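A.B. asks: Listed in order, the protein sequences are those of chains P and W.
The numbers in the first sequence follow full-length UniProt numbering, run straight up by one, and end at 89.
The numbers in the second sequence follow full-length UniProt numbering, run straight up by one, and end at 74.
By construction, these hints were calculated from the structure, which means they are not laboratory data.
Some clues are possibly wrong.
As the list claims (entries may be wrong) - With a cut-off of at most 25 Å between alpha-carbon atoms, the simulated DSS-like pairs for lysine-lysine come out as follows:
1) P:K53 / P:K67
2) P:K67 / P:K24
3) P:K48 / W:K56
4) P:K67 / W:K63
5) P:K21 / P:K67
6) W:K31 / P:K67
This one's a predicted model, so the numbers in the text were calculated from it and none came from an experiment.
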Amino acid sequence: MDFSRFNQAEQAQIAAMIEHKQMKDFLRLYSNLVQRCFDDCANDFTTKTLTGKEGECVNKCADKFLKHSERVGSRFAELSENMQAPGSQ
Amino acid sequence: MVNPQNIAMAEQELESVTDLFNRIAESCHTKCISTKYTQSDLTQGEAVCIDRCVSKFFEVNVKIGEKMQKMGQN
Chain P
1 MDFSRFNQAE QAQIAAMIEH KQMKDFLRLY SNLVQRCFDD CANDFTTKTL TGKEGECVNK
61 CADKFLKHSE RVGSRFAELS ENMQAPGSQ
Chain W
1 MVNPQNIAMA EQELESVTDL FNRIAESCHT KCISTKYTQS DLTQGEAVCI DRCVSKFFEV
61 NVKIGEKMQK MGQN
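Chain W with its partners taken away, still in its complex shape (with noise of 0.2 Å):
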């Protein structure tokens, strides 16, 4: 039996993963890859800020997780 509230429960928490990712792959394309584009593969330097990147940006959206719960609890 197929709940219908499930499946979109899913097909919402999918959607809102891929959008995370996107967005997170295109802001640190922004900060991190220079778009002269002198080589095909990443420079050492250009790994390593990705790596950062994208740590940096799972805590800025813990952070506004957190003040937006608290604004909720006013």
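Okay, chain P solo, but in the shape it has when bound (with noise of 0.2 Å):
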């Protein structure tokens, strides 16, 4: 996303806007791993604390996770710069 066509003001404006949007955006991020982490780990109902397997899942299923974000990306960097996506200009 190039907005070099944009002023300095504007560009200024822009930065504040992006880096709200990344608190929100990592808020989110925390919130959806918790649920994924959840529902695909603990499913063992007969202790109330987590058990030393269902922690260990969650552990991998967050590392996991967020290795997996991290490829999608790279990748998604290369091929939008190889494209323009519609609905951008």
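Reconstruct the complex from the two isolated chains, following the hints.
C.D. replies: Below, the structure is given as structure tokens:
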């Protein structure tokens, strides 16, 4: 995404907007990851604390999702610089 | 001088790219990552699947875009 067509003042405001969005996105990632790892890992309700296995599952779930997300990000960046996605100019 | 329309446009563009990314990440996780979580790292198979999944998603994106454009012309 190239915002160099905007003037200085606009770019400053856009930078602030991006920072705000990144924070929102981070919170959403957190919430999403908790949901996912809970749904996938916490299935033994014979105890009220996570079992050892469940705890390990949660760690791997989170690690894996973050690595996955990173890889998707790399491919996404490569592919979107080759094409104009519809909806953007 | 700040043109609020420009800011709104930039925001919309950012929103749409972020949304696209999140949807691809979600879909490709469902399609490629086993929920048994046997290890922390991506397996070779998962890594390759992700690469192909993202690529295909973009292709579908383009195909649908072309179809919609044809629809708009009729």
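A.B. asks: For each hint, tell me whether it holds in the structure or not.
C.D. replies: Against the structure, the hints:
1. P:K53 / P:K67: 21 Å, holds
2. P:K67 / P:K24: 20 Å, holds
3. P:K48 / W:K56: 42 Å, violated
4. P:K67 / W:K63: Violated. K67 of chain P to K63 of chain W sits at ~29 Å, over the 25 Å cutoff.
5. P:K21 / P:K67: 21 Å, holds
6. W:K31 / P:K67: 15 Å, holds
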